[in-house]
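Protein chains: 4
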Amino acid sequence: MSAELEEIHEECGIFGVWGDPDASRLTYFGLHALQHRGQEGAGIVSNDHGHLISHRGLGLLTQVFHDESQIERLKGEAAIGHVRYATAGSSSFDNIQPFTFRFHDGDMSLCHNGNLTNCPSLRRKLENEGAIFRSNSDTEVLMHLIRRSPRSTLLDRLCDALNTVHGGFAYLLLTEHEMIGALDPNGFRPLTLGRMKNGAYVLSSETCALDVVGAERVRDIQPGEIVVVDNDGYRIVQYAPHTQLSICSMEFIYFARPDSDIYGVNVHSARKRMGSRLALESAVEADMVIGVPNSSLSAAAGYAEISGLPNEMGLVKNQYVARTFIQPTQELREQGVRMKLSAVRSVVSGKRVVVIDDSIVRGTTSRHIVQLLKEAGAAEVHMRISSPPLKYPCFYGIDISTTKELIAAKKSVEEIREFIGADSLAFLSLDGLVESIGLQGDAPYGGLCVAYFNGDYPTALDDYEADFLASLPSEDCERLAHFAECNSEYVGNEFHSSIVSHHARRALRVDS
Amino acid sequence: MSAELEEIHEECGIFGVWGDPDASRLTYFGLHALQHRGQEGAGIVSNDHGHLISHRGLGLLTQVFHDESQIERLKGEAAIGHVRYATAGSSSFDNIQPFTFRFHDGDMSLCHNGNLTNCPSLRRKLENEGAIFRSNSDTEVLMHLIRRSPRSTLLDRLCDALNTVHGGFAYLLLTEHEMIGALDPNGFRPLTLGRMKNGAYVLSSETCALDVVGAERVRDIQPGEIVVVDNDGYRIVQYAPHTQLSICSMEFIYFARPDSDIYGVNVHSARKRMGSRLALESAVEADMVIGVPNSSLSAAAGYAEISGLPNEMGLVKNQYVARTFIQPTQELREQGVRMKLSAVRSVVSGKRVVVIDDSIVRGTTSRHIVQLLKEAGAAEVHMRISSPPLKYPCFYGIDISTTKELIAAKKSVEEIREFIGADSLAFLSLDGLVESIGLQGDAPYGGLCVAYFNGDYPTALDDYEADFLASLPSEDCERLAHFAECNSEYVGNEFHSSIVSHHARRALRVDS
Amino acid sequence: MSAELEEIHEECGIFGVWGDPDASRLTYFGLHALQHRGQEGAGIVSNDHGHLISHRGLGLLTQVFHDESQIERLKGEAAIGHVRYATAGSSSFDNIQPFTFRFHDGDMSLCHNGNLTNCPSLRRKLENEGAIFRSNSDTEVLMHLIRRSPRSTLLDRLCDALNTVHGGFAYLLLTEHEMIGALDPNGFRPLTLGRMKNGAYVLSSETCALDVVGAERVRDIQPGEIVVVDNDGYRIVQYAPHTQLSICSMEFIYFARPDSDIYGVNVHSARKRMGSRLALESAVEADMVIGVPNSSLSAAAGYAEISGLPNEMGLVKNQYVARTFIQPTQELREQGVRMKLSAVRSVVSGKRVVVIDDSIVRGTTSRHIVQLLKEAGAAEVHMRISSPPLKYPCFYGIDISTTKELIAAKKSVEEIREFIGADSLAFLSLDGLVESIGLQGDAPYGGLCVAYFNGDYPTALDDYEADFLASLPSEDCERLAHFAECNSEYVGNEFHSSIVSHHARRALRVDS
Amino acid sequence: MSAELEEIHEECGIFGVWGDPDASRLTYFGLHALQHRGQEGAGIVSNDHGHLISHRGLGLLTQVFHDESQIERLKGEAAIGHVRYATAGSSSFDNIQPFTFRFHDGDMSLCHNGNLTNCPSLRRKLENEGAIFRSNSDTEVLMHLIRRSPRSTLLDRLCDALNTVHGGFAYLLLTEHEMIGALDPNGFRPLTLGRMKNGAYVLSSETCALDVVGAERVRDIQPGEIVVVDNDGYRIVQYAPHTQLSICSMEFIYFARPDSDIYGVNVHSARKRMGSRLALESAVEADMVIGVPNSSLSAAAGYAEISGLPNEMGLVKNQYVARTFIQPTQELREQGVRMKLSAVRSVVSGKRVVVIDDSIVRGTTSRHIVQLLKEAGAAEVHMRISSPPLKYPCFYGIDISTTKELIAAKKSVEEIREFIGADSLAFLSLDGLVESIGLQGDAPYGGLCVAYFNGDYPTALDDYEADFLASLPSEDCERLAHFAECNSEYVGNEFHSSIVSHHARRALRVDS
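Residue numbers (UniProt numbering), protein chains in the order written: chain A, 1 to 512; chain B, 1 to 512; chain C, 1 to 512; chain D, 1 to 512.
Okay, chain A solo, but in the shape it has when bound (with noise of 0.2 Å):
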């Protein structure tokens, strides 16, 4: 789909083994049923007798671990695994995960998926205090935050370090004695626990990775927790005062497998039903649905089968796109030459086509795709959108930064239509994602992160937000205020924050 295409990516998945001699080996299929979620680079450290050993490299899973050497030298019966997204800047070794530090009171390895709202000020503030950094990564953070609290046990500190970063994150964390997850108080990102046969236990960020090695699930890890896993079995701790789901939208829609299930929730069967909604919402008379290979098949099931249209592949994806090293010239580009969508001729051509995609970022892929449509001589092209239009940046973990690259924050449907050059364009609405997704909580949208798409941020800005504010024309800054208030009754938090969401205020601090 579109967001696939564009490439705007999730930051990361993690994936850890406690219990098991084949810990690094299990934790490479884990992290290979993770692999949608970076393809940047991966690395995984085992731990062997409270000696960490680490393997990391740049590229696909695949690539890093060629050679069974690779995985055999990594002894010991826990692990932990990442596998990294890719930027065009950042692609450099010293970013990739896990991480791993040599203490003389022994080696720990840490590893993260999500985005801290306060980082850039917390590493100035540790800077000050003489702390150094190797990377440009949040997770070098965390670790600086959890030696220097004053408090004795590991579980302690780190319980003082999650107070501390905000945002959005999951961490994953290996020391000789234990393996340890941690979630914020928002749980923007997943992460469950499961069990092996053996008795290991599993921790993942997608359920799909334990399917893959024989787990089951034991239980999602909820916002604000810890969970401890050793010898001992696991244990759970809240360190957060304050809680409120609001895992990420995005989840849904687009990143996550569709084999996975996220708080109960398979992630298939929400995308039918955002794609059966948007039937209902937004029906057109049409020939044939077709779905946007891979992400957006769910939902062209579900539109084709309210519609009655039949669903066909009149897009297709080669699916051994990733990561070739031959580009074609400008030229070749000019002469139509592309390498990861077709359209097919023979099943569109005359015909009036329903387009499914899950969402639209900069609009230049969809318009793309009506392009190699029409040039395959559809007769009509409707785009739906199984998703609301992306308006506002991310900053718990997904990589749009800025409003200026979302053409949804600068120009209406209709000229949105007329850039891509559809016959007629619809979105999902707001509601009709909340409830297609239908997760049962009684927080603010039914615990999901819905803020790209209104604005209603779940936790203030901090640093992001003086930026953010300034990108926004005047009349939706009043707009967010109808969400956001000033609130300086933050608990247990030392850094400003102004705006406050309308559920946030509710929720983490109404009470206060």
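Mixed in with the good hints, there may be bad ones.
Any copy will do: because identical chains look the same in the list, a pair fits if it lies in one copy or spans two.
[What the hints assert, rightly or not] Straight-line alpha carbon distances no greater than 35 Å define the calculated DSBU-like cross-link-like pairs of lysine-lysine that follow:
| no. | residue 1 | residue 2 |
| --- | --- | --- |
| 1 | Lys374 | Lys317 |
| 2 | Lys197 | Lys391 |
| 3 | Lys404 | Lys125 |
| 4 | Lys317 | Lys340 |
| 5 | Lys75 | Lys340 |
| 6 | Lys404 | Lys75 |
| 7 | Lys317 | Lys351 |
| 8 | Lys317 | Lys391 |
| 9 | Lys410 | Lys351 |
| 10 | Lys197 | Lys374 |
| 11 | Lys125 | Lys340 |
| 12 | Lys374 | Lys125 |
| 13 | Lys374 | Lys411 |
| 14 | Lys125 | Lys391 |
| 15 | Lys351 | Lys75 |
| 16 | Lys125 | Lys317 |
| 17 | Lys404 | Lys340 |
| 18 | Lys351 | Lys197 |
| 19 | Lys317 | Lys75 |
| 20 | Lys125 | Lys75 |
| 21 | Lys197 | Lys75 |
| 22 | Lys340 | Lys197 |
| 23 | Lys351 | Lys125 |
Just so you know, the hints here were simulated from the structure itself, not pulled from any lab data.
Since we're looking at a predicted model, the values are computed, not measured.
Keeping the supplied structure of chain A fixed, place chains B, C and D upon it in accordance with the hints.
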């Protein structure tokens, strides 16, 4: 699908360009679109003013060409390339095509998709005359025959050679002055001519690769045709005295990409019709339809439309499966660790599911799929196969060379059902297959080869015949005699043949 | 020679450039000339207008930089680089330098040749204050100290840090605005400043790398000096209150390249003088002199000249030994298969040979050499070593950290002779060594560190002292007491020290 | 030395083992000792009960075999291998040997060191008979001839083939049942048989590789001999009617490793005698002798001994030069950046130096060396070359194929001296060379080929003759006529030849 997962493979894809300054780069993109036809190895040869430059290697195209400089080295305005399928035994560099030959009168390169039925005896005969062979491939045989022809022009020599080899083949040949394609008299394998906007010509195994490089289809190469492309354009030569279309039906069933058209029939659409017909032939009461990804999704959509059942994603395939070097240990396999396919518990749990797959080869994959779905809680699993039972080997380029490995050669449908553990099992009828594909030819089966299903081979089997007959149960031999009878009048062929199929007799020889 | 073959290694080579548009390429060539100082890993960091870009990897420089694009990516007019020596245990990517640090006030890179004697206690102290470590390397310690200094300028902070660390070190530091080199107060490791024709400045471990990049030597960096290179040229800062030259004598004996000059003394010439002196001290009747290639060829030439014996090539070293991954099996070793060194039968057969080697570490290589020569028919083998017996470990950067592995710590010369099977054995005297090298300083031993031979360490041993003393036989402790005595007046250093050598006391502290 | 630095190369090294379970591993070690004979590519073929398994690749042996599994795959008790020299044009995978051929009656592998003088016409003739060629190599020609021989046994066919090819060659052939070596009738290239302690036999280009695998030399293969090794031991067959030893003198001058013996003469010792003789022939007043590393060190030792001058290390070669992909830009070269050779200022400054080099090819390297030494302050540079001036190309396996590139073909010694900028220049006399090497044969020049120095080719030049004669100045043609005259009675050879050298006539044909 089963065939895909059990690694029954096509023998290769071929692609060539004449007349573009980016010829080798375009060939790369063309091969990239044909990667599904072979993952063992790949190679490209370019024509730099008569000096043919080669780069070949083991693995995926992206692994063989992992560096811009590897494409840049392949200078020239013409190129041909090849992707090769994977088998355990022969993963030798020496077999990777195209092969390049160095003569005092110029370099020549050659590559090949298919299988010759008289290759062993031709090799023996050539060796007795002093020929030397660097590979196990059929490809060198043709070059020997070309060079040994007493005629004077390359085209005449090529005609001689092509009339000597039997079986299924599509060849690409590159010299300083021309690019030549050639197809066997039955057209077992597909080959298409396209033209780019700048006038360059393209030859490709499938039309999907034409789309990728922005070429328009000019014509499908017909059985027994040679196409010569040079600086004056292209011309067609008919070299075979007798021809009759018998295009491999497995191309439609699962080899070809869904966006390819073969003799005017779109592959996706054909598959969808197979699924629809299957729903009519073998309806069953159920809650949902599931396609085995990726190749059975079209058939599943067809089944769902006709049956009125919802089309769900109950099985998910990891899209990053290609070429991992890390494998589960036997212990991990027993613990349920698996990398390719997952069942989606929350979709199938408690449901009666119809699973659409395109074929059953050994039956082990089908059994695995049924087991996955039952473990995920499916109440009933009804397996529906969108092609007839596979009972006979192929000698024209598909890697099924003995009946031993085919479960349907030994077991009844009910026995297969029991083996795979499904609640019911049905296959598409042969008529259903032929009518669903819907080729409009007047050749037997509308121009399809369906020998894997009924033993009606369109040609004599030459060197393979004796072993094949020995492998059959006696009653089957009698039944095949209905198709085949001895024919000593075979034209222009010094090799003995004793099986001549029903339609081979009718079309190729009866007139003689 | 023995040391080379037994893989006793220097800890690294460093090289940097300021002011040339080809800075990273020049650094590559500089490191290439320093490859003999470390083969485990290599890295280069360039300064692209303050953004420091890094490329590091395991293996030889040619393996780490196997592609032009890897150098081209390292843009900028300044760069520093490092080659790292090989040890079995720590061949981890995380230890490969230069290390790069990312601060809000700019990036910094740091690399290091040497060893700190108070590193463990400094790490412990820093960790107790919250510092985190990503490696086992001493290098991170200095960066922590720099960033924790309360002073305001980088230079002041660096001076603080350098006055806190003890031992042997040569550091290179790169920031947006300057390249800085620093040497320990004893100058254990060499460091030289050069200037290129275009005015660019170069810092290098050895002068041989200056020659390779066409730079002229400006000056050797002196003990306790910092050299700051920026766009205004270079300036020297003396940061240490007390200094005394104790350059590592092993640099002359076998580490440094023969074409390097150290404090004005050419290494080849020094070695030749060692050989000449050895001939005077330990003459023997023989037919020829043989040098163990490559590092003992100079000494052999000197021995031959004085003794009047012909200098023959009786031992040949394979010049392609670097980093093979294929090893002989134990069976093959027993059959006599060997890869590095061959004896030349037709040269040595029936002859009385004097073999010149630079050192004996464990004795196993010497025994192997004697055996090779005897098997090749040598009538007598007289081993002559161009340095005194190695009896004590080094704590300043050479990989001999315990006395246990040193045969001369446990055996007399006669016992060693017996062990290696030579007909006679003699070592160069300590006076002979000092006079052969011929440094003109008034420091003890002319400015050399000769502690491996006599235990007279130029500094306190700090964290290594307790284990070292425990490892000594009691009579040796007494003898060392002749050199060392307790000194509580150590200036500006909070760490306890109880061994202070004879000359350390005299020079560094007595005045205080 | 110059030849080494100017990359005038030998064509390859060969090595084989019969009768050891570690055959491929031993072949690896043997080739490792022959790496100096070729760095472009390498390959090994093993005999696994008649199935020949091959691994070949571009680059150094350590690059081609970078993984244990690559050797382990090459199972079997026999193996042959090849290292190939580097040239710009033909660095194609297709030319890397051994070549493996697949026949119905068994696999065969073949590799080759040398050059055939009648290869072009043989290829042409074979092609006219239908032969096909996959490479530019001479090696395929022999296999064609073997397979086309009408005789019945492999040995008879091989004799036929060897009597058809002309020029310099050493072949290794591997089949299921035997390993065969063969040498041309002049023995241009060296080949030796050795035996391991366990009874396995070894064939090697040089004896240095025997030493490395612990094998004892059994005998040098003589001109015109075939050696057949099988499970019954070895036997020698003389296939050539006329033979006369003309071993390449360049093997002694610089190709072979100093620890090798050729026909009983140690290479180092021969070189040392050349240096001694040179000192006698061309003494000069000077302060020191310097050998150009590595290949002229032996000659320098000889010169020093006779002249009484000290032998100094005034030039140092980087021991890690192999195969870097990063090159200095033109600007950097002009700034004096260089990677291979350094002059040692503190050794040569102010001194009169005699530089010993083994040969002058184009003169550019000698000029570079003189310049390096003068820039380093040498007062006088006297160049002494331990071989006569190179004036004529080689057609038997050394990569000097035209006289154009040879400075001595066009300039007098004084003109060369001027070109290279030396203060004096002298070459060893031809008599001096022949006597220094000291082969005891009664063949012309003691059994050496010295054609590069005087044009007296030991055989007809066949296909190369016309171009060679055309390239000569007329007076030279007349002088060569002293050696050569037309001979129409050439035995058993259908190809025309018009130059027959003095000694070729005398020895090979005079009887006719």
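Each hint tested on the structure:
1. Proximity of Lys374 to Lys317 under the C-alpha cut-off of 35 Å is found in both arrangements, the shortest distances being 17 Å within a copy and 30 Å between copies.
2. For a Cα distance limit of 35 Å, the shortest separation of Lys197 from Lys391 qualifies neither inside one copy, at 45 Å, nor across copies, at 39 Å.
3. Taking the closest pair of Cα atoms, Lys404 and Lys125 come within 35 Å of each other only inside a single copy of the chain (30 Å); across copies the shortest separation is 48 Å, beyond that limit.
4. For the identical chains of this complex, Lys317 and Lys340 are neighbours both inside a copy (6 Å) and across copies (19 Å), given an alpha-carbon limit of 35 Å.
5. For the identical chains of this complex, Lys75 and Lys340 are inter-copy neighbours only, at 25 Å across copies versus 39 Å inside a copy, given an alpha-carbon limit of 35 Å.
6. In the homo-oligomer, the alpha carbons of Lys404 and Lys75 lie at most 35 Å apart only across protomers (29 Å), although the nearest pairing inside one protomer, at 47 Å, exceeds that limit.
7. For the identical chains of this complex, Lys317 and Lys351 are neighbours both inside a copy (20 Å) and across copies (30 Å), given an alpha-carbon limit of 35 Å.
8. When the C-alpha separation of Lys317 and Lys391 is checked against a cutoff of 35 Å, the pair qualifies both within a copy, at 27 Å, and between copies, at 32 Å.
9. Proximity of Lys410 to Lys351 under the C-alpha cut-off of 35 Å is restricted to the intra-copy arrangement: shortest distance 32 Å within a copy versus 46 Å between copies.
10. With identical chains, the CA atoms of Lys197 and Lys374 are at most 35 Å apart between copies only, with a shortest distance of 18 Å across copies and 53 Å within one.
11. In this assembly of identical chains, the alpha carbons of Lys125 and Lys340 never lie at most 35 Å apart, being 45 Å within a copy and 47 Å across copies at closest.
12. In this assembly of identical chains, Lys374 and Lys125 lie within 35 Å of each other by CA distance neither inside one copy nor across copies; the values are 55 Å within and 55 Å between.
13. Only within a single protomer do Lys374 and Lys411 lie at most 35 Å apart by alpha-carbon distance; the minimum there is 23 Å, versus 49 Å between protomers.
14. Proximity of Lys125 to Lys391 under the C-alpha cut-off of 35 Å is restricted to the intra-copy arrangement: shortest distance 32 Å within a copy versus 50 Å between copies.
15. Taking the shortest Cα distances, Lys351 and Lys75 never come within 35 Å of each other, neither inside one copy (58 Å) nor across copies (42 Å).
16. Within a single copy, Lys125 and Lys317 get their C-alpha atoms no closer than 47 Å, and across copies no closer than 46 Å, so neither meets the 35 Å cut-off.
17. Proximity of Lys404 and Lys340 under a CA criterion of 35 Å is satisfied intra-copy only: 26 Å inside one chain copy versus 39 Å between copies.
18. Taking the closest pair of Cα atoms, Lys351 and Lys197 come within 35 Å of each other only across two copies (25 Å); inside a single copy the shortest separation is 52 Å, beyond that limit.
19. Taking the closest pair of Cα atoms, Lys317 and Lys75 come within 35 Å of each other only across two copies (29 Å); inside a single copy the shortest separation is 39 Å, beyond that limit.
20. Taking CA atoms no more than 35 Å apart as the test, Lys125 paired with Lys75 passes between copies only; the shortest distance there is 31 Å, against 38 Å inside one copy.
21. Taking the shortest alpha-carbon separations for Lys197 and Lys75, only the intra-copy value of 21 Å comes in at or below 35 Å, while the best inter-copy value is 40 Å.
22. Taking CA atoms no more than 35 Å apart as the test, Lys340 paired with Lys197 passes between copies only; the shortest distance there is 20 Å, against 40 Å inside one copy.
23. Within a single copy, Lys351 and Lys125 get their C-alpha atoms no closer than 61 Å, and across copies no closer than 56 Å, so neither meets the 35 Å cut-off.
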